[in-house]
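Visitor: Going down the list, the sequences are from chains A, B and C.
Read in order, the letters of the first sequence are residues 1 to 270 in my numbering.
Read in order, the letters of the second sequence are residues 271 to 550 in my numbering.
Read in order, the letters of the third sequence are residues 551 to 924 in my numbering.
Think of the hints as simulated: they come from the structure by calculation, not from any bench.
One or more hints might be untrue.
As the list claims (entries may be wrong) - Have a look at the derived ranges for each label pair, beta carbon to beta carbon: (1) C:Gly818 x A:Lys158: 54 to 62 Å; (2) B:Pro363 x A:Val71: 20 to 28 Å; (3) B:Gln328 x A:Asn89: 26 to 34 Å; (4) A:Ser123 x B:Val296: 49 to 57 Å; (5) B:Ile326 x A:Ile250: 38 to 46 Å; (6) A:Met1 x B:Pro290: 47 to 55 Å; (7) B:Tyr446 x C:Ala716: 29 to 37 Å; (8) A:Lys158 x C:Gly864: 52 to 60 Å; (9) B:Tyr446 x A:Arg88: 24 to 32 Å; (10) B:Gln511 x A:Arg88: 42 to 50 Å; (11) B:Thr361 x C:Ser752: 54 to 62 Å.
Computed from a prediction, not measured in an experiment: that's the story for all the values here.
Quick reminder that beta carbons are idealized off the backbone N, C-alpha and C, glycines included.
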Amino acid sequence: MMKFLSRFYMAIIFLLLYTPILVLIIFSFNEGGTLSEFTGVSLTWYGELFSDEEALSALINSLILAVSASVIATIIGTFAALGLHHMRNRYIKGAINTVTNIPMMNPDIVTGVSMMLLFVAVSAMLGSRDLFGFGTLLIAHVTFDLPYVLLSVTPRFKALDKSMSEAAQDLGCTPARAFFMVDLPEILPGIVSALMMSFTLSLDDFVISHFVSSPNFQTLPLYVYNQTAHNVKFSMYALCALIVFIILAILLVVNFAGSFRSVRHRKGGA
Amino acid sequence: MKNRTSPRGRSVFQKAAAAPHVVWAVMFIIAPMLFVLYFAFTDTDGNFTLSNIAAIGQYGNTILLSIAFALIATVVCLLIGYPLAYFMSRTSPRTQKVLLVLLMLPMWCNLLIRTYALMALLDNGGLLNSLLESIGLPRLSIVGTNFGVILGMIYDFLPYMVLPIFTVMTKLDKRYVEAAHDLGCNGVRTMTRVVFPLTVSGVVSGVTMVFVPSISTFYISQKLGAGKIDLVGDTIERLFQNTSTYNIGATMSLGMMILIILSVCIMNRFSDGEGRGMII
Amino acid sequence: MENGVLIRLQGVSKAFDGETVLENVSLDIHDKEFITLLGPSGCGKTTTLRIIGGFETPDTGDVFFDGVRINDVPPYKRLVNTVFQKYALFPHLNVYENVAFGLRLKKLPEAEIKAKVQEMLAMVNLKGFERRHVTTLSGGQQQRVAIARALVNRPRVLLLDEPLGALDLKLRKDMQNELKKIQRQTGITFIYVTHDQEEALSMSDTVVVMADGKIQQIGTPVDIYNEPVNAFVADFIGESNILDGTMLADCKVRFSNHIFDCVDSGFGKGELVDVVIRPEDVDVVPLERGMLSGTVSSVTFKGDYYEIIVDVDGFKWMLETSDFVGVDQRIGLSIDPDAIHVMKRSEYSDTFGDYSTFSEEMDHLSDVTEEDAT
Chain A
1 MMKFLSRFYM AIIFLLLYTP ILVLIIFSFN EGGTLSEFTG VSLTWYGELF SDEEALSALI
61 NSLILAVSAS VIATIIGTFA ALGLHHMRNR YIKGAINTVT NIPMMNPDIV TGVSMMLLFV
121 AVSAMLGSRD LFGFGTLLIA HVTFDLPYVL LSVTPRFKAL DKSMSEAAQD LGCTPARAFF
181 MVDLPEILPG IVSALMMSFT LSLDDFVISH FVSSPNFQTL PLYVYNQTAH NVKFSMYALC
241 ALIVFIILAI LLVVNFAGSF RSVRHRKGGA
Chain B
271 MKNRTSPRGR SVFQKAAAAP HVVWAVMFII APMLFVLYFA FTDTDGNFTL SNIAAIGQYG
331 NTILLSIAFA LIATVVCLLI GYPLAYFMSR TSPRTQKVLL VLLMLPMWCN LLIRTYALMA
391 LLDNGGLLNS LLESIGLPRL SIVGTNFGVI LGMIYDFLPY MVLPIFTVMT KLDKRYVEAA
451 HDLGCNGVRT MTRVVFPLTV SGVVSGVTMV FVPSISTFYI SQKLGAGKID LVGDTIERLF
511 QNTSTYNIGA TMSLGMMILI ILSVCIMNRF SDGEGRGMII
Chain C
551 MENGVLIRLQ GVSKAFDGET VLENVSLDIH DKEFITLLGP SGCGKTTTLR IIGGFETPDT
611 GDVFFDGVRI NDVPPYKRLV NTVFQKYALF PHLNVYENVA FGLRLKKLPE AEIKAKVQEM
671 LAMVNLKGFE RRHVTTLSGG QQQRVAIARA LVNRPRVLLL DEPLGALDLK LRKDMQNELK
731 KIQRQTGITF IYVTHDQEEA LSMSDTVVVM ADGKIQQIGT PVDIYNEPVN AFVADFIGES
791 NILDGTMLAD CKVRFSNHIF DCVDSGFGKG ELVDVVIRPE DVDVVPLERG MLSGTVSSVT
851 FKGDYYEIIV DVDGFKWMLE TSDFVGVDQR IGLSIDPDAI HVMKRSEYSD TFGDYSTFSE
911 EMDHLSDVTE EDAT
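This is chain A alone, in the form it adopts within the complex (with noise of 0.2 Å):
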C-alpha cells in the first residue's frame, strides 16, 4: 500500500514538472500556432526560428562567451585551488574562500547590479566610455564561474596523496615534472568537471547577463527574454524545444558514458 501511494506521489509530481515542457514542445510543431487547439504537425515555428538571424547569432554569442568564460575561469581558478592548497595561512585562506564564494551566495540580481555599478563607475572615470558589451560579460561570467570551479577542483587537490609526488621525485622526477605525470592525472576530472560546469553556468545565465549586457551582444537567453517580453511567438516555442532536446540528449549521453566507464574499470581494463 506504502509503496503503491509512493510511487503514485513521485508519479504525479514529475507529471507535473515535465507536463508544461511537454506541452511546449508538442506545440512547437503546432502548425496553427495557437495553444488552445493542435491544428496539425508542421515545422514552421523551427523553419522561422532558423530563418532568424538574430537567434543565429545569439547562439553563436552564447556559446563564443560561454567557452572563453569557462576556459578563463577553470584556469584562473585552478591555480587558485593550487595556491589555496599550499597556502598555509588559514586565516587568509578563509578570507579567499569567503569572498570567492560572495557571487555563490548571492542572489544573482545583486551580483548583476554591483557588477553594473563597476562598470557604470570605471565607464564614467573613463570619461563615459560605453563599456557594456562582451567584455563586460565575459567578466561578470567568469566571476560567477569561479566559485563553481574552485568547488569541484578543490576536493581533487585535496585528495592528493601527497607520497605519490614524493614516489614520482623518489624514482627521477623534478617537483615540477612531478606535479605534471602524477598530480595532475589525478585533478583532472575535476578540471573536466568545473570546465563543463562553467561552461553550462554560462550559457544558461540571465540575470546577471541582463545588467552587464549591450544590445550589441545578445546572448541566447537574452535575446529569449526580449522575444518573450510581449508576445507570445510561436519560434520562441520551436527555440526552447530545441534546448530541451539538447539537453537531454546531453544528459543522457553524460549518463551512458558514465556506466560504460564504470563497468570498463570493473573489468579492469585499462
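Once you've looked at the hints, dock chains B and C against the given chain A.
Guide: Using the frame of chain A, we list chains B and C on its own:
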C-alpha cells in the same frame, strides 16, 4: 604522523598560483560590492546621504509581499519536496539514477523557458483553459494573480529543494532507520526522531536554494504576474533602468543582500551548512 | 668509502612548527647492510628516513652519502629509492608502467626497459601481472609492485617506510622472508622503518632503537635484546621485568630485598641501577628453593608455555614457564647470574617494567592505535 609540508615542496610557483584569482576577486567581487555600498549611501551627485534608506519606505508593501511569496513558495516546496526526496531515496539504485536524471533535466533547462512554458499552459488563451472550456467548466485566471506567481516559483524551484534533500537521504545509513525500529519507533516517530534530524543539512540547503531565487526573481512575476504584480526583483530591475534611480536601487540591493545573509546565517545554525554548492 | 660507511648522519636535528622531532641524531649506515629504525610512533624514525630520501632537510647537522654532503640534493638526484608507507603506486598507470616509471625518466631504450621490468617482476613473483591495474591488486601484490618499482632503478640504498604495516600477519611473515631474500640477492643497502620489534629483530643486521627524537641504542638484534642500554629499550624490545636495584660491588646487585650474583661490573659502589630480567630467564622452583617467593596472580596459556604474573612483595613479575601453576599458588623464583642485566638509570627509569596493570587487551589496543597513528 601529522601532515607536515616540507619547505622544499612549496615553490614560488605554488605560492603565486592563487595570485591571479586574488586580483580577480578584489577587482570583480569586492570592488562591485563596495560600489553597491557607495551608491547606497550617496545621492545622484555623489554626496553622502541616508535619504535612500528612508526612500525604501515607499516600497514597504512590495518588500513584505516578496518576503511572503518567497516564504510560501519555500514552505510549499519543502512540503512537496521532502516526501518526494524520501520516496525517491527508497527506490532501487537503478530507478534512483533515472529519477535523478528526470529531476535534473528541468534544472538544466533555462529558467526563462520553464517559466514561459508554464505561462503558456496556464494563460487565458492557454491549453488548460481551452481544455476546461471544452468540458464546460469556467475558465481559470491564474496568470496575473498572486497564486500564479507563487505557483511559478514553486514550479521553477521545486527541483532545487528535492535534490539536496535526496542527496543527503541516499547517504543516510539504512541501519539508523533499522536501529530506530529496533528500539521501538513506529514509522512516524522514526521519521520525526531519526530521518528528519539526520537530513536537516539537506533541508537547509534546499530551503536556501529556493528562498534566495524566489525573493529576488523578476522574470516569474513579469510572466506569471502579467506585469500586475510587483516584487522586489522587479523594483530593483526597474530602478536600474534609469541612471537617476541607481542609488535607491543600490540601497534596495544592499537591503536584500543583508536580508539573505541574515536568513542564511539563521538557517545555518540548524546545520553545519553546506551552502548552495550542493546542487551540482 | 671509509670503513664501508655509505650514509652518515651527523648531529641531525629537525623541528616542525617548533616541535622537535629529531634531536642531534648521528648514525653511520654501512654498505650492503640491512638496518632498521625501530621505535614507537612519533619517535622520529620516519623523519630520519625522509631526510635520507631528501624529502626533508635537516635544520642542523649534515647528511653524507659516500662522503659527499647531500643536505641540499633534491630527491630526484639521489641514488636512493623509497618504498612508501601505503605504497604510493600511481593509480592511473598499470603495473608495468608503474615499474617502468623511473626507467622511462632515464630515457632508456624501450627494449632495455622491458627486459628490466620483466626481470624485476619475476623477482617479486608478479610475472603476468603487467597489464593489471594497480587498484585491482591485493595489498601484498601492491607491496611487491612498490618494491619492484623502487629496485628496478638499481639504487644504492632502498628506503622502506613501514612497508608491511598494512598487511595481515601471515602475509607479513612471508614478505619479511622475501624482503630479506631480495636484500641478500641484490646486495642493496636497506633502511627499514618499523614499530614492530619482532620484525626488526628477525630481519636486520643492525637495529637502531629510537624514542623521542633520539637514538637510544644501535646494535645487532642479539645485542639489543640481551644488552639493552636503558629501561626504554628493554621494555620496547620483548617483555622485561625492570626492577630498581643497588650495585653493591662488581657482580653483586641487590633488588627485591635480595642480593644476587650477576655478571655486570663497572658501576659505582652503591649506585642505583635498573635491573632487567627477561620472563623466560626466570626459573619457577618449589618455594623452599627460591631466591624470591611470590603468589601467582594470573596464568595465561600461550601454546608451548604459560605466561604467569607473579606478585613478589607488591611488584608484579611476568614469567614464562612450561609447568602449570595455579592461581594463588605460592612459588619460588630462581635467577641465574647471567640472566640478570644491569643498566644505568635513565630518564626512562621507573616508567616501564612492572606488570601490575598489564592486560592482554590493553597491549593489543595500544598496538592498534599505534598502527593507526603512523
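Visitor: May I ask you to test the hint 52 to 60 Å on the CB atoms belonging to A:Lys158 and C:Gly864?
Guide: Holds - the Cβ-Cβ distance for A:Lys158 and C:Gly864, about 54 Å, lies within 52 to 60 Å.
Visitor: For B:Tyr446 and A:Arg88, compare the CB-CB distance with the range 24 to 32 Å and indicate the outcome.
Guide: Violated, at about 38 Å.
Visitor: Does the Cβ distance between A:Met1 and B:Pro290 fall inside 47 to 55 Å?
Guide: Once the Cβ atoms are compared, 60 Å apart, the range 47 to 55 Å for B:Pro290 and A:Met1 is violated.
Visitor: Using the Cβ atoms, figure out if A:Ser123 sits within 49 to 57 Å of B:Val296.
Guide: violated, 19 Å
Visitor: Look at the Cβ atoms of B:Gln328 and A:Asn89 and judge whether their distance stays inside 26 to 34 Å.
Guide: violated, 47 Å
Visitor: Does the Cβ-Cβ separation between B:Tyr446 and C:Ala716 fall within 29 to 37 Å?
Guide: Hint holds: Cβ distance 30 Å, inside 29 to 37 Å.
Visitor: Has the hinted range 42 to 50 Å been met by the Cβ atoms of B:Gln511 and A:Arg88?
Guide: Hint holds: Cβ distance 48 Å, inside 42 to 50 Å.
Visitor: For B:Pro363 and A:Val71, compare the CB-CB distance with the range 20 to 28 Å and indicate the outcome.
Guide: violated, 35 Å
Visitor: Measuring from beta carbon to beta carbon, are C:Gly818 and A:Lys158 in 54 to 62 Å?
Guide: holds, 58 Å
Visitor: May I ask you to test the hint 38 to 46 Å on the CB atoms belonging to B:Ile326 and A:Ile250?
Guide: holds, 43 Å
Visitor: Does the hinted range 54 to 62 Å hold for B:Thr361 and C:Ser752 at CB?
Guide: holds, 55 Å
In the structure shown, a violation is registered for the earlier hints numbered 2, 3, 4, 6, 9, in ascending order.
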